[in-house]
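Chemist: Start from chain A and add chains B and C according to the hints.
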Amino acid sequence: MSDVTLAGVSRWYGNVVAVNDVSMTLGPGVTGLLGPNGAGKTTVLHMMAGFLAPSRGTVTIDGAPTWRNPSVYKGLGLVSEREAVHDFLTAREFLLVSARLHRLPDPEAAARRALELVEMTDAQDRRIGTYSKGMRQRTRVAGALVHDPQVLLLDEPFNGMDPRQRLHMMELLHRLGAAGRTILFSSHILEEVEQVSGTVQVIVAGRLAASGDYRAIRRLMSNRPHVFAIHSTDDRRLAVALMGQASVTGVEIDRAGLTVRAGDYGSFTRALPKIALAQGIRVRRLLPSDESLESVFSYLVEA
Amino acid sequence: MSDAAGVIHDIGYQRYVGPRLGRGYVFKSLYVHGLRTAFGLGRSAKAKIFPWFVLGVVFLTGVILAAVKAQVPDAGVTYTAFVDMMAWLVVFFVAVVAPELVSRDLRAGVLPLYFSRPLRRSDYAYAKLVALATAVWLLLGGPQLVMFLVAAFSADTMKQFWTEVGDVGQGMLYAVLWAAVFAGIGLLVASLTGKRAFAAGGIVAVFLMTTPIVGVVSVMPSQTAQDLALLFSPASLVFGVGVWLFGSPDGNDSIGPFGPLYLAVTIGIVAGCVALLQARYRKVASS
Amino acid sequence: MTLIATESLTKTYGGRVTALSDLTVSVDPGIVGLVGANGAGKSTLIKILLGLLAPTSGRARVLDLDPTVDAAAVRARVGYMPEHESLSPDLSAAEFVTHLGRMSGLPRTAARERASEALRHVGLYEERYRQIGGYSTGMKQRVKLAQALVHDPDLLLLDEPTNGLDPAGRDAMLALIHRIGNEFGISVVVCSHLLGEVERICDSLIAIDGGRLLRSDNISAMTTVTDVLAVEVSEGTDLLAARLDLLGLSVRRDGRLLLVPLEDDATYDRILAAVAELDLPLHRLDQRRHRVAELFATREVTHV
Chain A
1 MSDVTLAGVS RWYGNVVAVN DVSMTLGPGV TGLLGPNGAG KTTVLHMMAG
51 FLAPSRGTVT IDGAPTWRNP SVYKGLGLVS EREAVHDFLT AREFLLVSAR
101 LHRLPDPEAA ARRALELVEM TDAQDRRIGT YSKGMRQRTR VAGALVHDPQ
151 VLLLDEPFNG MDPRQRLHMM ELLHRLGAAG RTILFSSHIL EEVEQVSGTV
201 QVIVAGRLAA SGDYRAIRRL MSNRPHVFAI HSTDDRRLAV ALMGQASVTG
251 VEIDRAGLTV RAGDYGSFTR ALPKIALAQG IRVRRLLPSD ESLESVFSYL
301 VEA
Chain B
1 MSDAAGVIHD IGYQRYVGPR LGRGYVFKSL YVHGLRTAFG LGRSAKAKIF
51 PWFVLGVVFL TGVILAAVKA QVPDAGVTYT AFVDMMAWLV VFFVAVVAPE
101 LVSRDLRAGV LPLYFSRPLR RSDYAYAKLV ALATAVWLLL GGPQLVMFLV
151 AAFSADTMKQ FWTEVGDVGQ GMLYAVLWAA VFAGIGLLVA SLTGKRAFAA
201 GGIVAVFLMT TPIVGVVSVM PSQTAQDLAL LFSPASLVFG VGVWLFGSPD
251 GNDSIGPFGP LYLAVTIGIV AGCVALLQAR YRKVASS
Chain C
1 MTLIATESLT KTYGGRVTAL SDLTVSVDPG IVGLVGANGA GKSTLIKILL
51 GLLAPTSGRA RVLDLDPTVD AAAVRARVGY MPEHESLSPD LSAAEFVTHL
101 GRMSGLPRTA ARERASEALR HVGLYEERYR QIGGYSTGMK QRVKLAQALV
151 HDPDLLLLDE PTNGLDPAGR DAMLALIHRI GNEFGISVVV CSHLLGEVER
201 ICDSLIAIDG GRLLRSDNIS AMTTVTDVLA VEVSEGTDLL AARLDLLGLS
251 VRRDGRLLLV PLEDDATYDR ILAAVAELDL PLHRLDQRRH RVAELFATRE
301 VTHV
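Taken in order, these protein sequences are the chains called A, B and C. Residue numbers for the first sequence follow the numbering used here, so the first one is 1 and each next one is one higher. Residue numbers for the second sequence follow the numbering used here, so the first one is 1 and each next one is one higher. Residue numbers for the third sequence follow the numbering used here, so the first one is 1 and each next one is one higher.
Treat the hints as calculated values from the structure; they're not laboratory data. A virtual CB, placed ideally from N, CA and C, is assigned to each residue, including glycine. Treat each hint with caution, since some may be false.
Claimed, not checked - Derived BS3-like pairs (lysine-lysine); straight-line CA-CA distance at most 30 angstroms:
#1 Lys133/A <-> Lys140/C
#2 Lys74/A <-> Lys133/A
#3 Lys195/B <-> Lys28/B
#4 Lys195/B <-> Lys283/B
#5 Lys140/C <-> Lys283/B
#6 Lys140/C <-> Lys48/B
#7 Lys283/B <-> Lys28/B
#8 Lys69/B <-> Lys159/B
#9 Lys46/B <-> Lys133/A
#10 Lys46/B <-> Lys69/B
#11 Lys48/B <-> Lys195/B
#12 Lys46/B <-> Lys28/B
#13 Lys140/C <-> Lys46/B
#14 Lys48/B <-> Lys133/A
#15 Lys195/B <-> Lys140/C
#16 Lys28/B <-> Lys140/C
Stated by the list, open to error - Quick list of simulated restraints, FRET-style, between CB atoms:
#17 Ala53/A <-> Gly42/B: 42 to 48 angstroms
#18 Met220/B <-> Glu93/A: 49 to 55 angstroms
#19 Asp64/C <-> Ala179/A: 53 to 59 angstroms
#20 Ser26/C <-> Ala271/B: 41 to 47 angstroms
#21 Ser55/A <-> Ala5/C: 57 to 63 angstroms
Isolated chain A (complex conformation) (with noise of 0.2 angstroms):
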């Protein structure tokens, strides 16, 4: 288990500040880094990667720093947007080379054990330059596994990938995370985010918006009512019964059904299955339409 840890980082260019005053603690499991284009994401991953020294703060895995330390990629895997790989190697010599290369005891069973994990085994011998993007990218996150590191950063991984590959990548972190290993990626394609991992870190313009469960997130922006869809047997006579709820801010009624705005989630979520029992009608949808990920995320980009 190990823990990646931002404290107090800011990172800046001559008068341009990229990432301002952030500290997070990543842990086991795998979170999702999102943010707007030139946020700053990047130079957080390259802080972490050891790439950048920040300007201020200090950027540590498991208490060390990152920064001319390197004796931390031991431990830490790295897939970066724009890296290349030698065309005319073979993905498992590439392997070979990058185990030997981390000094490993059996480069040949790391190799093929990363091999495994990417599901590249049956590709293995054929070079690299006939493979598609989404094969190189399986090669390049195979790359980064095969010193079997605690801690995984990688880049928009899935930039590329068909819908086949993303299912497989995804449940390829989704299952390293749950092993204990400490993962971040970073992804603009945010219900796939959704999928992997609830948990994340949100930059925008180079601070932390927010941390965390997004669900958990949602319920803290108190000054945004919640939202939901409803779709019963008869909306009409619902909506009149929920506009007597205190915590009902708002009913609207069109064809497609009922929009209620609760400004309380607790109490509205309770109190409406008693409503509608009490008053005979039947549910047959309940949606919250901004719950998402996405919702979340527009949420704490425009505030």
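Modeler: Chains B and C in isolation, oriented as in the chain A frame:
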């Protein structure tokens, strides 16, 4: 009594029902665009510096030579000799402009946008080629026109005037040959890479590195070899054709009986460049 | 009128790599998602449709024209938005799109006007005179879209239009594509790896796997309701599961959700009653729908 009325105009998406012009218009547009690019028109000031510098040099030279000839009729150079003088400057011009015309497009990845349009792949190549050739011809022919005008107005007799016309005609034709060969080779080399510096270097290399071959062959003991020496570099090749068609400027160069061969090789090279350009863009479009 | 029709379309490169294999599809007007194709299959199909590549065997028709015979006519009516970088950094958006408008045969004034309008429709009106080199990714994607619209095509081919965009940018681009497909009257083919966005804006779908047709269907047919109810409470999931079990409903757990077979309408009431009795906060209750992702969930890993 008037009632207040209001109108909401439709500024939504409009379909286009106007004319869609054909191949000729598209070709002409790309050609004009290429010609403008060659001289930096419609681009930043930086893009204008080199082409206008070259333009300035050739015209200045032309004007000076024209003035000299006006004063001292036997001094000065013939039109064809003027073209020979400017040749190396033109190589540099091509080395800078050809990459601007095609390497830029390759680098930016713009070609799929062109080729997903009715424009034919070969038309793209031809339009760029003709634009570059026109630019080179303007460089070599424009000053000649100035020289001709000065000479024509200072001619004393009709006979002199018509001689001038004949001479400038030769010079213009000679300029066309240079333009075709330089543009063909230059554009072909530039089309091979998206990096402008490489392309420029490549073009200069093709012209420069073939020169020693000419030198070596021209000192061989055989007269035939010496006559054929000029074949081995593009610049000297065209010079050789000029020698055959218009006579040697200083009477020293000889290509023996091989004049038609020189012309044939010149035409062959131009045709070869055109074919290779076509093949190159065919490959790029489908890759 | 069928938008695109292929018949046993096959393309092999050098006899070794098969990009497309015996593909037979028929696409109706609307917004169509093209998914699953790995790089070779997708770009090969696009090139064949644009008449830039000849198929090894089989036929294709676009807007009722044969691209191997009438390539220029096809390209005059199609707008293409490539996936990769394809803009000249030293031109302004207005100049760039105008130039390409003329390359499509529009007379000079019309090209200029339509370029301006196209840029306005994609939301780039204010910035159109700035050099493209200084644009953000989102703005560059919009310029690519504008040049595809400038000549008023009947069909748009968009290759990964949300590539590189952040969530807000993706939203905006998807909304724009939706508008184009529904309000402008232009059919759109969207190539995407993101099934979520395909479900969101497309009317129909073509899924290609390893060069072969996996599925060609309407999105609505692929996202029909199942007879399973999904119930989510933000606390007390185990309690509720136990209670529903007691009530004789067979409950399955899927993360935070409880899945209950929908036997009849009374199931809704029984669930609601259980939640009310246990005083649990009800977060969600609805019939599960099939998802497009199911198409890809069960097979082995691709090696292409």
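Chemist: Next, verify each hint and record whether it holds.
Modeler: Here is what the structure says about each hint:
1. Lys133/A <-> Lys140/C: holds, 23 angstroms
2. Lys74/A <-> Lys133/A: holds, 27 angstroms
3. Lys195/B <-> Lys28/B: holds, 27 angstroms
4. Lys195/B <-> Lys283/B: holds, 18 angstroms
5. Lys140/C <-> Lys283/B: Holds, because 27 angstroms separates the two Cα atoms, which is no more than 30 angstroms.
6. Lys140/C <-> Lys48/B: holds, 27 angstroms
7. Lys283/B <-> Lys28/B: holds, 24 angstroms
8. Lys69/B <-> Lys159/B: Holds, at about 17 angstroms.
9. Lys46/B <-> Lys133/A: violated, 39 angstroms
10. Lys46/B <-> Lys69/B: violated, 35 angstroms
11. Lys48/B <-> Lys195/B: Given that 30 angstroms is the threshold and the Cα spacing comes to 20 angstroms, the pair holds.
12. Lys46/B <-> Lys28/B: holds, 26 angstroms
13. Lys140/C <-> Lys46/B: It holds: about 24 angstroms lies between the C-alpha atoms, which stays within 30 angstroms.
14. Lys48/B <-> Lys133/A: The hint is violated at about 41 angstroms.
15. Lys195/B <-> Lys140/C: holds, 22 angstroms
16. Lys28/B <-> Lys140/C: holds, 28 angstroms
17. Ala53/A <-> Gly42/B: 42 to 48 angstroms: Holds: the Cβ-Cβ distance is about 45 angstroms, inside 42 to 48 angstroms.
18. Met220/B <-> Glu93/A: 49 to 55 angstroms: holds, 53 angstroms
19. Asp64/C <-> Ala179/A: 53 to 59 angstroms: holds, 56 angstroms
20. Ser26/C <-> Ala271/B: 41 to 47 angstroms: Between Ser26/C and Ala271/B, where Cβ atoms are some 46 angstroms apart, the hint holds.
21. Ser55/A <-> Ala5/C: 57 to 63 angstroms: Taking Cβ atoms as reference, Ser55/A and Ala5/C lie about 60 angstroms apart, which means the hint holds.
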